[in-house]
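**Student:** Assemble the whole structure, with the sequences as input and the hints as a guide.
Chains as they are written, first to last, in this note's numbering: chain A, 1 to 479; chain B, 1 to 479; chain C, 1 to 479.
Here are the computed lysine to aspartate or glutamate pairs in the DMTMM-like style, where the Cα-Cα straight-line distance is at most 25 Å:
id: 1; chain 1: C; residue 1: Lys3; chain 2: A; residue 2: Asp450
id: 2; chain 1: A; residue 1: Lys3; chain 2: B; residue 2: Glu29
id: 3; chain 1: A; residue 1: Lys3; chain 2: B; residue 2: Glu454
id: 4; chain 1: C; residue 1: Lys3; chain 2: A; residue 2: Glu454
id: 5; chain 1: A; residue 1: Lys3; chain 2: B; residue 2: Asp450
id: 6; chain 1: B; residue 1: Lys3; chain 2: C; residue 2: Asp458
id: 7; chain 1: C; residue 1: Lys3; chain 2: A; residue 2: Glu451
id: 8; chain 1: C; residue 1: Lys3; chain 2: A; residue 2: Glu444
id: 9; chain 1: C; residue 1: Lys326; chain 2: A; residue 2: Asp350
id: 10; chain 1: A; residue 1: Lys3; chain 2: B; residue 2: Asp448
id: 11; chain 1: A; residue 1: Lys3; chain 2: B; residue 2: Asp458
id: 12; chain 1: C; residue 1: Lys235; chain 2: C; residue 2: Asp299
id: 13; chain 1: B; residue 1: Lys3; chain 2: C; residue 2: Glu454
id: 14; chain 1: C; residue 1: Lys3; chain 2: A; residue 2: Asp448
id: 15; chain 1: A; residue 1: Lys3; chain 2: B; residue 2: Glu449
id: 16; chain 1: B; residue 1: Lys3; chain 2: C; residue 2: Asp448
id: 17; chain 1: C; residue 1: Lys3; chain 2: A; residue 2: Asp458
id: 18; chain 1: C; residue 1: Lys3; chain 2: A; residue 2: Glu449
id: 19; chain 1: B; residue 1: Lys326; chain 2: C; residue 2: Glu335
id: 20; chain 1: B; residue 1: Lys3; chain 2: C; residue 2: Glu29
id: 21; chain 1: A; residue 1: Lys3; chain 2: B; residue 2: Asp476
id: 22; chain 1: A; residue 1: Lys80; chain 2: A; residue 2: Glu96
id: 23; chain 1: B; residue 1: Lys3; chain 2: C; residue 2: Asp476
id: 24; chain 1: C; residue 1: Lys3; chain 2: A; residue 2: Asp476
id: 25; chain 1: B; residue 1: Lys3; chain 2: C; residue 2: Glu444
id: 26; chain 1: B; residue 1: Lys3; chain 2: C; residue 2: Asp450
id: 27; chain 1: B; residue 1: Lys326; chain 2: C; residue 2: Asp350
id: 28; chain 1: B; residue 1: Lys3; chain 2: C; residue 2: Glu449
id: 29; chain 1: A; residue 1: Lys80; chain 2: B; residue 2: Asp350
id: 30; chain 1: C; residue 1: Lys326; chain 2: A; residue 2: Glu335
id: 31; chain 1: A; residue 1: Lys3; chain 2: B; residue 2: Glu451
id: 32; chain 1: C; residue 1: Lys3; chain 2: A; residue 2: Glu29
id: 33; chain 1: C; residue 1: Lys80; chain 2: A; residue 2: Asp350
id: 34; chain 1: A; residue 1: Lys3; chain 2: B; residue 2: Glu444
id: 35; chain 1: B; residue 1: Lys80; chain 2: C; residue 2: Asp350
id: 36; chain 1: B; residue 1: Lys3; chain 2: C; residue 2: Glu451
Short derived list, chain A residues pointing at chain C, Cβ under 8 Å:
id: 37; residue: Gly345
id: 38; residue: Gly348
id: 39; residue: Thr363
id: 40; residue: Pro371
Simulated from the structure, these hints should not be mistaken for lab results.
These numbers were taken from a predicted model, which means no experiment stands behind them.
Idealized CB from N, CA, C, for every residue including glycine.
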Amino acid sequence: MAKTLRLHPERLFPSDPAARAVAARLYAEIRDLPIISPHGHTDPAWFAENAAWTDPTSLLLAPDHYLYRMLYSQGIPLEKLGVPSRQGPSGADPREAWRLFASHFHLFRGTPSSIWLNHVFGEVFGFTQALSTETADEYYDGITAALATPAFRPRALFDRFRIALLATTEGAVDELPHHRAMRAEGWHGNVVTTYRPDSVVDPEHEEFAGALARFGNMTGEDVESWDGYLLAHRKRRADFIAMGATASDHGHPTAATADLSRPAVEALFAKVVAGKADAAEAELFRAQMLTEMARMSLDDGLVMQIHPGSFRNHNTQLFAAYGRDKGADIPRQTEYVQALRPLLGAHGNDPRLSIILFTLDETVYARELAPLAGHYPCLTLGPAWWFHDSPEGMRRFREQVTETAGFYNTAGFNDDTRAFLSIPARHDVARRVDSAFLARLVTEQRLDEDEAAELAFDLTWTLPRRAYRLNNLPADPRG
Amino acid sequence: MAKTLRLHPERLFPSDPAARAVAARLYAEIRDLPIISPHGHTDPAWFAENAAWTDPTSLLLAPDHYLYRMLYSQGIPLEKLGVPSRQGPSGADPREAWRLFASHFHLFRGTPSSIWLNHVFGEVFGFTQALSTETADEYYDGITAALATPAFRPRALFDRFRIALLATTEGAVDELPHHRAMRAEGWHGNVVTTYRPDSVVDPEHEEFAGALARFGNMTGEDVESWDGYLLAHRKRRADFIAMGATASDHGHPTAATADLSRPAVEALFAKVVAGKADAAEAELFRAQMLTEMARMSLDDGLVMQIHPGSFRNHNTQLFAAYGRDKGADIPRQTEYVQALRPLLGAHGNDPRLSIILFTLDETVYARELAPLAGHYPCLTLGPAWWFHDSPEGMRRFREQVTETAGFYNTAGFNDDTRAFLSIPARHDVARRVDSAFLARLVTEQRLDEDEAAELAFDLTWTLPRRAYRLNNLPADPRG
Amino acid sequence: MAKTLRLHPERLFPSDPAARAVAARLYAEIRDLPIISPHGHTDPAWFAENAAWTDPTSLLLAPDHYLYRMLYSQGIPLEKLGVPSRQGPSGADPREAWRLFASHFHLFRGTPSSIWLNHVFGEVFGFTQALSTETADEYYDGITAALATPAFRPRALFDRFRIALLATTEGAVDELPHHRAMRAEGWHGNVVTTYRPDSVVDPEHEEFAGALARFGNMTGEDVESWDGYLLAHRKRRADFIAMGATASDHGHPTAATADLSRPAVEALFAKVVAGKADAAEAELFRAQMLTEMARMSLDDGLVMQIHPGSFRNHNTQLFAAYGRDKGADIPRQTEYVQALRPLLGAHGNDPRLSIILFTLDETVYARELAPLAGHYPCLTLGPAWWFHDSPEGMRRFREQVTETAGFYNTAGFNDDTRAFLSIPARHDVARRVDSAFLARLVTEQRLDEDEAAELAFDLTWTLPRRAYRLNNLPADPRG
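**Tutor:** Here's what the structure looks like:
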């Protein structure tokens with residue numbers, strides 16, 4: 001029998017009536033604020049081309065490793081879920097894949113994926129019955145039909161979602177065609193890019209050699225000389241800034257930074273270019289490049305985002321068959337105190353520098369990150385990230401960070417997603433969880449409710465706007 | 001003055017009335033389910049011989065390092081508590097030892113030991129006054145008298161406790177006489193063994209040389225050759241399977257695994273057999289053996305349990321005087337992501353393999369274990385273990401694991417105990433704490449109550465039954 | 001517009017009415033107990049000289065790195081806040097510095113600093129409006145005026161605060177003039193010293209060479225010989241004991257201990273004295289000295305406090321300009337199990353030894369410290385320390401420590417502060433948070449309320465009195 005899809009208006013608020021009432025009041029004031037999405041991975045082609053999506057499997061399931069990894073963990077082969085392999089597209093029938101997903105939806109109980117999906121199902125598509133084996137076809141047909149209508153084109157949803165700004169992420173050798181097209185066309189949507197140079201910064205990246213050659217061609221610089229290589233970065237950063245970028249993003253295995261002498265860095269770079277850097281030298285080069293990027297930021301103002309700590313492609317067999325980003329990236333312990341010291345020693349007190357730190361290792365929240373951000377003027381803490389972008393994860397972040405770093409050394413929420421339809425759901429969860437956390441402080445008399453209301457607004461709007469230097473957004477969108 | 005022993009029917013439920021009511025409803029449905037105890041350390045002789053226990057000190061205190069370590073930490077010598085040393089039995093009068101314990105019972109306030117003991121005192125023995133200096137003798141006499149009656153023999157309690165399955169743990173060179181006797185006799189109790197080969201797998205085990213020789217004698221294999229050694233394991237695993245085993249258990253210092261080439265492993269094994277392996281080689285051999293055990297599991301279907309991270313016998317003086325397992329095993333930081341990769345790279349996607357992971361290092365719950373179990377089909381997470389088998393420990397486990405791994409990549413509860421009388425108490429705590437956790441999700445509208453009720457049953461029955469491949473148990477015992 | 005300063009009588013209690021009522025009852029019984037402050041950093045000159053403080057900036061802001069680091073993290077230069085540099089006093093006008101502080105007071109929302117400061121403002125000075133830009137001058141003038149009155153002299157406040165014992169901390173080469181003066185004068189205030197020998201124990205301490213020479217001069221010992229050096233420590237420890245000391249304090253980068261052979265330690269000491277110890281040798285020497293200090297404690301009874309894990313002076317530029325203790329000390333991961341084993345192996349079971357362990361790395365609470373303290377008779381756990389001396393930090397401490405170590409292997413609260421006026425506020429927070437934690441155990445029926453009331457008293461009085469061997473305090477001050 002079909003079950004009602006419940007989206008309780010006070011979901012994610014505390015059970016205690018006093019705290020729940022405060023949370024509801026705080027949330028009511030921020031619920032409808034426009035969305036700032038300053039870090040994410042949606043496809044800019046969607047907004048440039050505004051083509052219709054076709055079906056729920058190819059839109060929601062096959063590209064979302066949050067979802068199919070969970071089914072894979074229970075023994076369901078990826079090819080049955082429509083996930084393409086290195087051999088090409090999955091041969092699975094999209095409707096059959098969707099039915100398989102629907103019949104295993106109970107696996108997501110207690111996970112943020114179920115909260116996000118139910119929000120998408122209920123709020124975006126208007127379903128009133130829960131997804132299940134029984135309703136799988138109704139969902140498949142209903143979503144497919146909706147996607148064929150103008151109201152579900154990317155730009156229409158962008159407007160419906162009230163997105164004040166959306167940042168995508170592009171690599172250093174991306175020509176940014178979609179961003180150029182949107183700007184040339186003059187579409188009103190505020191979609192910007194982010195400079196992510198990993199493929200030309202990480203000697204261990206599988207595309208490094210090819211990307212470096214292309215980097216030289218695109219910029220006209222001799223990228224095999226250290227000065228030319230740095231200049232190429234500066235030129236590309238300028239290209240990205242012209243496409244709205246206010247930030248760079250750095251996804252390194254660790255948070256290591258370095259500040260080598262000129263001769264040392266030139267010798268290291270020569271080895272890197274020659275393809276002869278060993279693992280320690282590759283690590284050192286990535287470390288040095290964070291400091292170089294910081295130096296460029298002093299001049300061009302890009303905010304640096306450092307995202308360390310993921311062991312990529314842990315499952316060797318799956319990587320061989322399916323390639324990257326298939327749900328097998330596993331966090332590792334990550335050290336920041338020693339790692340960041342070279343960069344901070346060089347530029348940590350410079351008011352022009354702004355660095356947003358992320359982590360997948362929650363043990364550093366209270367021990368390392370909050371004390372660092374509670375001291376260095378250049379440091380801000382990004383929100384609970386990836387596996388921790390969840391109600392419990394966000395709560396732990398606030399509980400462990402706030403008492404040392406305060407609220408004002410944090411950057412507000414960002415969704416980090418490639419699942420465009422889930423963006424309102426994710427921001428809604430963050431707003432609810434922040435309201436719940438603030439409500440607890442109010443009912444425990446650690447904060448007055450007027451202060452909490454001001455904080456709720458600041459966490460939603462003021463802090464991401466400031467952290468990402470989004471000066472084209474108003475200081476207060478409430479008019 | 002004596003204090004009432006209170007076993008509040010809603011103990012361990014949240015204080016908030018709404019959440020408490022939900023917890024009570026969820027718990028009511030699972031309270032009386034039979035107990036699955038798939039991992040523990042009770043003595044099979046109890047059930048084979050069904051002899052009466054004699055007194056509370058020798059039954060409850062002297063063998064339980066959870067209890068006497070706490071008194072030792074406050075300066076009470078072990079010999080006064082009836083704990084035997086390497087010199088032989090303690091000379092303490094059992095009644096005096098019990099009085100000493102009773103007069104220090106306040107030390108256990110806020111610990112799971114006090115919850116378990118009060119459950120044993122109230123539910124198993126029917127006491128209505130709390131244990132204290134004043135009631136020590138009443139307890140001593142009452143328990144002694146009860147133990148002399150048929151209703152307190154091991155098999156009678158086994159039935160009274162409604163145990164659907166109880167697994168004990170035996171070493172690789174154990175002849176399994178008690179298990180053989182129970183089966184020969186045809187006793188109805190479902191007691192099975194578990195294959196724990198540490199003494200013939202760990203070159204640093206103090207009994208290694210002797211155990212290895214015995215291992216050869218028992219199996220008729222040349223255990224000094226690599227092939228013979230592996231074959232001996234396969235034979236003994238078959239012996240254990242004949243005595244009901246569905247799982248093996250591996251208590252290593254770390255989670256390291258290895259997958260060496262045949263020449264490398266033969267060279268390593270030769271050093272191990274010759275007693276010439278150094279610490280790094282011993283570690284490598286243990287690591288290799290986990291992968292070998294996984295390969296055997298592909299054939300014989302035993303579920304692997306990996307229990308790493310305890311620094312055994314930390315107190316050198318105490319170890320010299322009293323020997324192993326005296327409450328001085330201390331957890332250490334434990335890494336899983338790099339450690340498990342060799343084994344997972346070889347067999348991690350094989351549907352025949354099932355591995356249950358445990359940890360004493362809670363920092364890996366959200367960072368490492370949940371992402372691993374939320375991806376690899378062979379991995380399941382064991383419950384909060386040992387020091388973390390406690391209300392707060394279980395809550396942290398659920399809070400940190402669920403959002404990434406879901407509930408369905410966990411194995412339900414197991415008690416891991418040698419204290420037979422505490423088994424119902426321990427399972428009751430787990431059922432209460434799971435009900436409380438689920439109730440919070442319900443009152444925060446993250447889960448519907450019907451889903452929570454289904455989960456409560458699954459956590460108690462479906463998941464341990466499936467994780468340990470207990471196919472002889474019914475899918476639903478509620479008839 | 002000015003905001004009311006609210007000090008809600010039930011602040012920091014749980015929102016749930018049942019738990020809140022229990023917390024309020026528990027707290028009412030301990031609220032007015034005298035303060036035991038057995039570890040702190042107030043200036044003994046204040047009590048010896050009893051001079052008036054002058055203004056809020058020099059009393060509350062400029063010396064408190066908890067406060068100005070937060071403003072610095074938001075880009076406010078230290079010189080504007082009255083913080084002296086290596087060049088001398090800040091040129092900032094104290095009133096302007098105070099206004100700047102007041103206008104940024106929102107940065108402390110959700111931090112313990114705001115709780116402590118509001119307590120000082122409301123309870124000590126009697127303000128009824130909150131600190132803000134608007135009230136900055138009113139505060140400045142009001143505090144300045146109050147400080148000029150006899151009631152705000154150090155000794156008057158000492159009495160008003162009902163301090164039963166206050167320990168300060170002095171270095172090994174301190175002449176203890178203020179303690180001598182207080183004793184010579186016969187002032188009734190119970191102010192004692194603590195032996196902190198870091199400057200003559202840590203070869204990497206910037207004052208090591210000079211301090212060692214002075215150490216020899218003060219004691220008349222040949223401190224360049226190993227025996228003379230140890231004897232000098234014994235003499236100085238006796239001097240400190242004469243000034244009331246019952247404890248020593250050791251602030252090392254790690255928890256490493258060592259127990260070297262006599263020849264090895266003499267060779268090491270020779271290198272240390274010659275200034276030729278490298279980093280590893282300096283670490284080994286500090287490690288050895290912890291064991292030497294333990295040996296001295298066996299004879300003279302001083303309780304050892306071990307405070308490891310802070311990376312001092314992380315900000316190199318700030319250190320160059322401003323010197324030590326400017327809010328740039330950052331915690332690092334700290335290991336205890338392997339680190340403490342040499343000391344514990346030598347003396348861990350000796351009833352004469354008492355060691356109080358602290359940590360800045362919360363990951364060791366449940367994993368390492370609680371199991372160690374729940375076994376070794378010599379070990380007691382100090383309270384949540386420094387960045388963790390906060391409501392959430394204290395709650396995590398109790399939640400993660402209690403189930404394994406119990407309450408009775410902990411040392412009660414200590415404030416560790418140099419901010420004298422905040423001492424009642426800090427102890428009040430600890431009493432409230434402990435009451436709230438105990439209340440949760442009561443409402444979850446894990447503890448009876450009479451047990452909780454006994455524990456609340458023990459945590460406030462019995463445990464610090466016992467842990468610090470304060471035998472001159474009564475067992476119960478309630479008369």
